[in-house]
Amino acid sequence: MSTENLHADVVIVGSGVCGALIGAQLAKAGKSVLILEAGPRVKRRDIVETYRDAPVKLSLANMKLQGAGSPFPSLPHAPSTYGDYLEQKGPVKYNTSYLRVVGGTTWHFGSALWRLLPSEFKLNSLYGRGRDWPIGYDDLEKYYGLAEMELGVSGTDDQDESGAGGSPSPARAAPYPMKQVPLTYMFRTLAEKLSAGGYNPVWEPHGRATRPYNQRPVCAGNNNCNPVCPIGAKYDGSMHCDIAENRGAVIMPNAVVYKLEDDDTGRIQALWFKRPDGSEHKVTAKVFVVAAHTIETPKLLLMSKTRHSPNGIANSSDMVGRNLMDTTGISVTMKTRDPVWPGQGPTELLVFNKREGDFRRNAAQYKIKVRNTTPVSQYAATLLEQGVLGTELDRRIQELSAHTLAWAVDFEVLPDPANRVTLSKTKFDALGLPVPSLYYDLNDYWHAGTELAMQDLNRFSQLLDAEITKKNMKFENRQHPSGTTIMGDNPRDSVVNRDCRAHDHPNLYIAGTSVMSASTCMNPTLTAAALSIRIAERIQREI
Amino acid sequence: MIPHSIVPTALSQVSRRRFLLGGLAFGSMGALASHGLTNTPKASDVTDFLILSEFLTGRKNLNFTLARRYYLGLRDQFPDLPDRITNLSNDIHASGTQTMDDYLSHGPTPDARSTATTIVSAWYLGVVGEDPKKKMIAYSDALMFQAVAGALVVPSYGAGPLAWGSRPEPYMTFKEAPDEH
Ligand SMILES: Cc1cc2nc3c(=O)[nH]c(=O)nc-3n(C[C@H](O)[C@H](O)[C@H](O)COP(=O)(O)OP(=O)(O)OC[C@H]3O[C@@H](n4cnc5c(N)ncnc54)[C@H](O)[C@@H]3O)c2cc1C
Ligand code: SF4
Numbered sequence: 012m013s014t015e016n017l018h019a020d021v022v023i024v025g026s027g028v029c030g031a032l033i034g035a036q037l038a039k040a041g042k043s044v045l046i047l048e049a050g051p052r053v054k055r056r057d058i059v060e061t062y063r064d065a066p067v068k069l070s071l072a073n074m075k076l077q078g079a080g081s082p083f084p085s086l087p088h089a090p091s092t093y094g095d096y097l098e099q100k101g102p103v104k105y106n107t108s109y110l111r112v113v114g115g116t117t118w119h120f121g122s123a124l125w126r127l128l129p130s131e132f133k134l135n136s137l138y139g140r141g142r143d144w145p146i147g148y149d150d151l152e153k154y155y156g157l158a159e160m161e162l163g164v165s166g167t168d169d170q171d172e173s174g175a176g177g178s179p180s181p182a183r184a185a186p187y188p189m190k191q192v193p194l195t196y197m198f199r200t201l202a203e204k205l206s207a208g209g210y211n212p213v214w215e216p217h218g219r220a221t222r223p224y225n226q227r228p229v230c231a232g233n234n235n236c237n238p239v240c241p242i243g244a245k246y247d248g249s250m251h252c253d254i255a256e257n258r259g260a261v262i263m264p265n266a267v268v269y270k271l272e273d274d275d276t277g278r279i280q281a282l283w284f285k286r287p288d289g290s291e292h293k294v295t296a297k298v299f300v301v302a303a304h305t306i307e308t309p310k311l312l313l314m315s316k317t318r319h320s321p322n323g324i325a326n327s328s329d330m331v332g333r334n335l336m337d338t339t340g341i342s343v344t345m346k347t348r349d350p351v352w353p354g355q356g357p358t359e360l361l362v363f364n365k366r367e368g369d370f371r372r373n374a375a376q377y378k379i380k381v382r383n384t385t386p387v388s389q390y391a392a393t394l395l396e397q398g399v400l401g402t403e404l405d406r407r408i409q410e411l412s413a414h415t416l417a418w419a420v421d422f423e424v425l426p427d428p429a430n431r432v433t434l435s436k437t438k439f440d441a442l443g444l445p446v447p448s449l450y451y452d453l454n455d456y457w458h459a460g461t462e463l464a465m466q467d468l469n470r471f472s473q474l475l476d477a478e479i480t481k482k483n484m485k486f487e488n489r490q491h492p493s494g495t496t497i498m499g500d501n502p503r504d505s506v507v508n509r510d511c512r513a514h515d516h517p518n519l520y521i522a523g524t525s526v527m528s529a530s531t532c533m534n535p536t537l538t539a540a541a542l543s544i545r546i547a548e549r550i551q552r553e554i
Numbered sequence: 002m003i004p005h006s007i008v009p010t011a012l013s014q015v016s017r018r019r020f021l022l023g024g025l026a027f028g029s030m031g032a033l034a035s036h037g038l039t040n041t042p043k044a045s046d047v048t049d050f051l052i053l054s055e056f057l058t059g060r061k062n063l064n065f066t067l068a069r070r071y072y073l074g075l076r077d078q079f080p081d082l083p084d085r086i087t088n089l090s091n092d093i094h095a096s097g098t099q100t101m102d103d104y105l106s107h108g109p110t111p112d113a114r115s116t117a118t119t120i121v122s123a124w125y126l127g128v129v130g131e132d133p134k135k136k137m138i139a140y141s142d143a144l145m146f147q148a149v150a151g152a153l154v155v156p157s158y159g160a161g162p163l164a165w166g167s168r169p170e171p172y173m174t175f176k177e178a179p180d181e182h
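Just so you know, the sequences run in chain order A and B. Residue numbering for the first sequence is 12 to 554, as defined by our numbering. Residue numbering for the second sequence is 2 to 182, as defined by our numbering.
The hints are simulated quantities; they were obtained by calculation from the structure and are not laboratory data.
Derived, one-sided and incomplete: chain B residues facing chain A with beta-carbon distance under 7 Å: (1) Met-101; (2) Tyr-140; (3) Leu-153; (4) Pro-156; (5) Pro-171.
List of simulated lysine-lysine pairs, BS3-like, C-alpha gap at most 30 Å: (6) B/Lys-135 / A/Lys-54; (7) A/Lys-54 / B/Lys-134; (8) A/Lys-481 / B/Lys-135; (9) B/Lys-176 / A/Lys-204; (10) B/Lys-134 / A/Lys-438.
In this text, all values refer to a predicted model and were calculated from it rather than measured experimentally. Ideal placement from N, C-alpha and C gives every residue a C-beta, glycine not left out.
Sequences are here, hints too, so could you generate the full structure?
Below, the structure written as structure tokens:
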């Protein structure tokens, strides 16, 4: 063991958007901040180069190929989740793909940045399902606004984001920091035709710059938001890593935290991390923040079995790792009679939300989105496999590209303690740390939601004069994990309190989507970012 | 905007040999099989491959440097490539057809068709071979993108700041346009 003893006012585990936001804010307030990051630093131009040179290219349009195609590094001490890193134990595979690099998973996120609706904090009291959050929309509104400024969100003011076509909701104190991107031909056409059938198009708020924003250029329609924006127009966590470092925070890459230690008063005394060479190092601090992603955060807490916390840190409730949620979805492909041309501009924008209504007593709420990823390479490969050659090959590539619509639906998933992250008993990484073992299943509530969504999609196909050519009802992971350190007022059935502070440890905060009490059907990162800013404010007051 | 090719356009030698399509050009392929393989193919082998590729893809201006890389990449993965090319060339000659579409309706032999598909796949996808030996040769120059050029960008080569909105019009058009309106 190393004798080196590192100390900071605040030590943060994980340099993703949540950890980096907290680090940046506390460094600005003059605190000494150390951010430990399991993965290496990466450069945008190297990732873009690796992407362009790869024979198999990863994109949201070819999820099945993802094992082969990520341009991000996979190192023995920080293995990629593409491939067989995660251990799957449940009936439904939970194949999520987070990144371990400085900046975290948002390097390849789609950047949809939604606020939750007031009703989404009250699922149980309104509809008798799941749990209520201990806080409400009003508690978070200010922080949503700050998070939108920090992340640089472009959005459409004055629309009803619930999808019901009513007055603007949720209520906002300030407009979006940037205006919405221009509509593409496809988005305009689909919105017109589906509006005529009574549907309410909603324009997704997202993290692509539509005017120069901080260091970011304007989105240039590279259509490459996943796996990497070549020009950094789209927000990712590396941007707050840069800000944090410029303000004096220290980011230590290739530092894999494997243990937190508490004392008999419940205070966290220290944490331990390993270097790629296996050497072990200790860090002490006044306040500890774990922001290691919804799968790795509970893993770290469960690995930290101490004399005072024999079930793992923050786990007196036995809820650490449980209530694993996602916005697990289905997808439908349609062939339209008229050309629609998906693939211009950014990869997503138009959605149809069904977030509110009494149906939620019986069925999951959902969001229907249309993918706007250029799928040319998949179509060309498929046609060639079918032996199509000659002029017909060009004609069919063009036809498929212009006439194929890929719809995807994301559903709310209820918190269920049986769905959980545990430590693998048989599989370990190169540092000897157990890999996460996942158990996941979906209940009737989710299935009932899929039936409602299919009714909408069938209606879409009529309104668009399109034919449904493919359906996948098989539980597509939507990369929106939440719930594994669930927030609540009752220390017996939740891990953190309304301030994201561990019930069991006064100087331990947990940042990330893992604290969410309900998954909703929406992308979770803006909520996690808002909570992170709130955490930083709390810590700033304390030390 | 279409990304500029990073490789220079075909050698003048190619255009000279192009005149020979249907005669000599394919003829020299036959000799190749008996030469045994070397790592550096003769320029004429590559030129022949280029001319054959232009016939198979219906393109007139394929790039010599890329042809060389596809040829080497394919030969690496399919050691019998020269023989297969000879058989395909012979089949095309025997058919007496002048365009790929005519050749296809004439009916290639299964072997010839399979070789043609291998070569066309390489040019279209920019990739040679099968997993796990897949190799990337070209990205933005892959021919598949030409089918949608004008309408869609090659992912990661954007059209410019907020440069979209009008109805996409691909440069490539077809006699029987896909059923519009
Ligand atoms: C393909 C894809 C698309 C997505 N699209 C969207 C979207 O459009 N909208 C949206 O809201 N969300 C989206 N998400 C989800 C979003 O990326 C996450 O919600 C977000 O990254 C969470 O941020 P975080 O900081 O909590 O975790 P991360 O960004 O994952 O960062 C956590 C960091 O902690 C580090 N770490 C982990 N364990 C340790 C350890 N033991 N020691 C030290 N460091 C450690 C990791 O290496 C990582 O860098 C998407 C995700 C994926 C995969
Ligand atoms: S569309 Fe292109 S420029 Fe815009 S955010 Fe996505 S990758 Fe970046």
